[in-house]
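**Q** When you get a sec, could you build the whole thing from the sequences and use the hints?
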Amino acid sequence: MERSFNAKRDEIDLASLVEIVFSWSFNDVRNENLCKNKVQNIPQTFMSVSDYLSSFIPSLIEETHSDLSSSLYGMLRAPFCEVLIGEPERSKSYLPTKFLFYQISVNRTNNDSKDVGTYEPEVGDLIALTDFKPKSVEDLNRPRRYYHIAYVYGSKESTGKISVLSSKCINMEINSNYLRSNSAPKLYATYLLNLTTNIRVWKALNSELEGANMNMIKKVLQANSNNGENCQLCISGENHIAACFRIQTMIQSQNLNDSQKDAVLSCVSMSECHHSETIKLIWGPPGTGKTKTVASLLFSLLKFETRTLTCAPTNTAVLEVAARLQNLVKKSLEHNTETYGFGDIVIFGNRSRMKVDDYRCLQDIFLDYRASNLLRCFAPSTGWKHQLESMIMLLEDPSKQFGLYKLRADDIMSLEQFAKQKQSDIELAYSSSKQDEKNGDPMTLEQFKKNEYLSYKENKKNSVITLEQFVKQRFSYIGVELKVCMQTLYTHLPTSLVPFEEMKKIPIAIDLLTSLESSLNKAKMKQALDDRADGESIFHCLGGLNIKRKECLGLLRSLLKTVSLPKVTDKYGTEKLCLMNARLIFCTASSSTRLFAEGMTPIQFLVIDEAAQLKECESAIPLQLPGLYHAILIGDERQLPAVVKSKDNEEAGYGRSLFERLVLLGYKKHLLNTQYRMHPSISLFPNKEFYDKQLVDAPIVREMGYNRCFLEGKMYASFSFINIAKGKEQRGRGHSSKNIVEAAAISKIIGNLEEEFLRTRKKVSIGIISPYKSQVYEIQEKIKLSNSVSDPDFSVSVRSVDGFQGGEEDIIIISTVRSNGDAKVGFLSNRQRANVALTRARHCLWILGNETTLENSDTVWKELVLDAKERGCFHNADEDKKLAEAIEDALLEIELLEEPESPFKKLSLQDRSDRFATTSRGFSGGRGRPPPRRSRW
1 MERSFNAKRD
11 EIDLASLVEI
21 VFSWSFNDVR
31 NENLCKNKVQ
41 NIPQTFMSVS
51 DYLSSFIPSL
61 IEETHSDLSS
71 SLYGMLRAPF
81 CEVLIGEPER
91 SKSYLPTKFL
101 FYQISVNRTN
111 NDSKDVGTYE
121 PEVGDLIALT
131 DFKPKSVEDL
141 NRPRRYYHIA
151 YVYGSKESTG
161 KISVLSSKCI
171 NMEINSNYLR
181 SNSAPKLYAT
191 YLLNLTTNIR
201 VWKALNSELE
211 GANMNMIKKV
221 LQANSNNGEN
231 CQLCISGENH
241 IAACFRIQTM
251 IQSQNLNDSQ
261 KDAVLSCVSM
271 SECHHSETIK
281 LIWGPPGTGK
291 TKTVASLLFS
301 LLKFETRTLT
311 CAPTNTAVLE
321 VAARLQNLVK
331 KSLEHNTETY
341 GFGDIVIFGN
351 RSRMKVDDYR
361 CLQDIFLDYR
371 ASNLLRCFAP
381 STGWKHQLES
391 MIMLLEDPSK
401 QFGLYKLRAD
411 DIMSLEQFAK
421 QKQSDIELAY
431 SSSKQDEKNG
441 DPMTLEQFKK
451 NEYLSYKENK
461 KNSVITLEQF
471 VKQRFSYIGV
481 ELKVCMQTLY
491 THLPTSLVPF
501 EEMKKIPIAI
511 DLLTSLESSL
521 NKAKMKQALD
531 DRADGESIFH
541 CLGGLNIKRK
551 ECLGLLRSLL
561 KTVSLPKVTD
571 KYGTEKLCLM
581 NARLIFCTAS
591 SSTRLFAEGM
601 TPIQFLVIDE
611 AAQLKECESA
621 IPLQLPGLYH
631 AILIGDERQL
641 PAVVKSKDNE
651 EAGYGRSLFE
661 RLVLLGYKKH
671 LLNTQYRMHP
681 SISLFPNKEF
691 YDKQLVDAPI
701 VREMGYNRCF
711 LEGKMYASFS
721 FINIAKGKEQ
731 RGRGHSSKNI
741 VEAAAISKII
751 GNLEEEFLRT
761 RKKVSIGIIS
771 PYKSQVYEIQ
781 EKIKLSNSVS
791 DPDFSVSVRS
801 VDGFQGGEED
811 IIIISTVRSN
821 GDAKVGFLSN
831 RQRANVALTR
841 ARHCLWILGN
851 ETTLENSDTV
861 WKELVLDAKE
871 RGCFHNADED
881 KKLAEAIEDA
891 LLEIELLEEP
901 ESPFKKLSLQ
911 DRSDRFATTS
921 RGFSGGRGRP
931 PPRRSRW
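With the UniProt record's numbering, the residue at position 12 of the sequence shown is 12, and numbering never jumps.
If you're looking for bench data, these hints aren't it; they were derived computationally from the structure.
Note that CB positions come from ideal geometry on N, CA and C, so glycine has one too.
It cannot be assumed that every hint is accurate.
[As the list claims (entries may be wrong)] Calculated pairs, DSS-like style, for lysine-lysine (alpha carbon to alpha carbon, straight line, at most 30 Å):
hint: 1; residue 1: Lys-548; residue 2: Lys-504
hint: 2; residue 1: Lys-824; residue 2: Lys-869
hint: 3; residue 1: Lys-647; residue 2: Lys-773
hint: 4; residue 1: Lys-548; residue 2: Lys-472
hint: 5; residue 1: Lys-504; residue 2: Lys-203
hint: 6; residue 1: Lys-168; residue 2: Lys-156
hint: 7; residue 1: Lys-38; residue 2: Lys-156
[Stated by the list, open to error] Quick list of the computed label-pair ranges, beta carbon to beta carbon:
hint: 8; residue 1: Asp-791; residue 2: Arg-324; range: 43 to 51 Å
hint: 9; residue 1: Met-214; residue 2: Lys-567; range: 30 to 38 Å
hint: 10; residue 1: Glu-517; residue 2: Met-443; range: 44 to 52 Å
hint: 11; residue 1: Lys-567; residue 2: Glu-210; range: 34 to 42 Å
hint: 12; residue 1: Thr-118; residue 2: Val-643; range: 22 to 30 Å
hint: 13; residue 1: Arg-324; residue 2: Lys-714; range: 50 to 58 Å
hint: 14; residue 1: Met-214; residue 2: Leu-555; range: 47 to 55 Å
hint: 15; residue 1: Cys-361; residue 2: Gly-86; range: 20 to 28 Å
**A** Rendered as structure tokens:
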């Protein structure tokens, strides 16, 4: 590590991130100060591209170190498996020769044993190899323990083995002993973290991406006079006016407000500009229809045939915007073309990590699914062309096809051929017959063989069908396969590969085939025909179907002539074909490295959704795409940024997004100014505090019907601050803060909401937010003990602020936790975190906290308390009798737990959960008798 950091910059660039990770000893990983003073503040402006890229490298190394250190401490709960390891291989040419390569396989021989584990290593995983199952991090550092780290670089798709590389020689003696004796030491692989994203970022920062284009990177180094402005040459031209008119026509049915329309117009109209690279920022505060705007923007770019990449920081964000776009495309298509054009839209990534199966509608545009289906159509002996030709030959001359069938049916093997081909089956059947023989002399093998042969000949003779049966059965068989191919090509083939006029014939052909099959199944031969009758005679005799036959035949011949498919024979080639010809591509920012492949069609337009949550070093990957001219960044820098584990990196600005830095440099932002989520009494404070009163409430949230009452009393109006003056701030898990009194109050409020739901049966969703993980856990446990409702129309979700970004619920309850005489509020003071918490509610926002602590804190929470008082939305908890009782019960619980000799002090929270297991049914609700109304203690 010291060598890497102290080396010259060009030496660092040549180093492999995996090599650096392997160089850390166990104590290095645990050393929090390993990179101390090595991470430098990341500046706002840069002098050159190399200066820009290299500024992130020390922070990337430090963040990798912090991730690995954190994962070691979580090894007890980490997934693991037992593995078998083969002999080391030769090093691969595309990887450093100093690494040792091994093939491992997961041992599943003891499936009933818990010691085997269920983990399946994936490419990019960093794993700990040990000869024991570690129970704590200290177990890894004991003398004579077998431990080191390996990196998974190859999947088991082709060989059934998983390829790993290691900086140390794996102790083969242990593994060979294990192969000989099950009582010998075993070898385990425990998951630590996945390095895929870090390695991709490393490549981008070290200029290792194929054909990387630095023009867009140069654009973001410093501020310039026309930041975020459209090209003046293009704006003044006639083409711009025509393009704007066309865009307005496209989006007029999408019900966009003026700010959303202006954003789409401004972005799409610059897609034809090639005078200079352009970057635009769209500012989307909470509830302003950001995803809807992005979907409309992408829909317009699709219609303009602009090759566009859309990426985001997370798989979830990618899937959300892709689903919205796909729905928009479906609505725009006519009924008989409802899937045509999906081939121009593709989303790719790791299927299991993306959880794409949770979005069933997205299968039609998911690359893995698409490639598998198209590959079956491309197959020369079973695919599209084969099935099409087979159907044409059947319709043209069924007698000839029937003759070939009969030849095959009449081709009977000799006894010797039969005995040779069926030898194993005959011997097995003979052995069974001998065991079943009870009386008389058993049959010899030769006699048994002859009997089986006679039976085969008889079956062969009886299996021959009539001409009528043959035509019906053959048509049905080919028709099923052909229609599947047709639908696959219609849905999945990029539109640039086949003219639309030809593809329009496919739905017609499918309908014709279906109709003809239905008529065939109902028809009966009017007269006997000899086997030499032509197709016209046969179909005429089958109920006069000759007209349908001719029509279908003509259409199929036309398709055979005009629809020529690519000669691709493997899945990788099919996937590349889809990516090269798609117009809209969706993936995470780091996954865009795949688009740097040799021969890939250039990307013209880049859209980064949730751009304010993406580390700038990650956005450097898609910004280097060959051919890129324009980039749109959509986000809100006043909400939470990317998560950074290292404190040094947090201080250095490693979590800062490109979006935020460009705002600091004075780039113009296009504001989406109409919010559709929050009741006006909820939006009032965040609009004033975070958005300078620039937002307006949409008509829908101002309507009387939007003012929903879930509980009686002013305390439970649309917006209120509930003062928990007797709250007790304590330390919980991992030194995180918790407040049992606030948790008890929230549990009581949830209980009241349950009672009201059972009375009215009105659907309601509730979100409970706290900045502290310990408080999240405490609230979850309280609700487990008291929740008695099991109904999909009554949902409760408890998460941290970070976990709630992007979410929304009917009711949001916030537990601020902090309650002390020093007015210390810790990271509760973070304005971005406060903004997220205060903007998740649709109808009601109830904030629980200590008035004195928050009002004296000189933070945004002071302003919130003062605002609540000024608006008459401030309430003391004892105004609600039930709430006051719950608080007193919680105080009694705390008092008992704090008594030195109290037996309750020895009970952990989990012990208490177990004790009341009979009255709890899990966090989401369940059956069982609710606990007493008064104190459980």
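**Q** Decide, hint by hint, whether the structure agrees.
**A** Results for each hint:
For the suggested pair Lys-548 and Lys-504, the alpha carbons sit about 19 Å apart, so the restraint of at most 30 Å is met. For the hint linking Lys-824 to Lys-869, the alpha-carbon distance of about 21 Å falls within 30 Å, and the restraint holds. A C-alpha spacing of about 18 Å is found between Lys-647 and Lys-773, which places the hinted pair at or below 30 Å, so the restraint holds. Between Lys-548 and Lys-472, the direct Cα distance comes to roughly 15 Å. Compliance with the 30 Å bound is thereby established for this hinted pair.
Proposed proximity of Lys-504 and Lys-203 is contradicted: the alpha carbons are some 44 Å apart, above 30 Å. With a CA separation close to 22 Å, the supplied pair Lys-168 and Lys-156 stays within the 30 Å bound. At most 30 Å may separate the alpha-carbon atoms for a hinted pair to count; Lys-38 and Lys-156 exceed this at roughly 39 Å. With their beta carbons about 28 Å apart, Asp-791 and Arg-324 fall outside the hinted range of 43 to 51 Å.
For Met-214 and Lys-567, the Cβ-Cβ distance of about 36 Å falls inside the hinted range of 30 to 38 Å, so the restraint holds. In this structure the hint that Glu-517 and Met-443 lie 44 to 52 Å apart at CB holds, the actual value being about 47 Å. Between Lys-567 and Glu-210, the C-beta spacing of about 25 Å breaks the proposed range 34 to 42 Å. A C-beta distance of roughly 28 Å is found between Thr-118 and Val-643, which places it inside the suggested range of 22 to 30 Å.
Under the hint 50 to 58 Å, the C-beta atoms of Arg-324 and Lys-714, about 38 Å apart, miss the expected range. A C-beta distance of roughly 51 Å is found between Met-214 and Leu-555, which places it inside the suggested range of 47 to 55 Å. The hinted range of 20 to 28 Å is not satisfied by Cys-361 and Gly-86, whose Cβ atoms lie roughly 43 Å apart.
When each numbered hint is compared with the structure, violations occur for hints 5, 7, 8, 11, 13 and 15.
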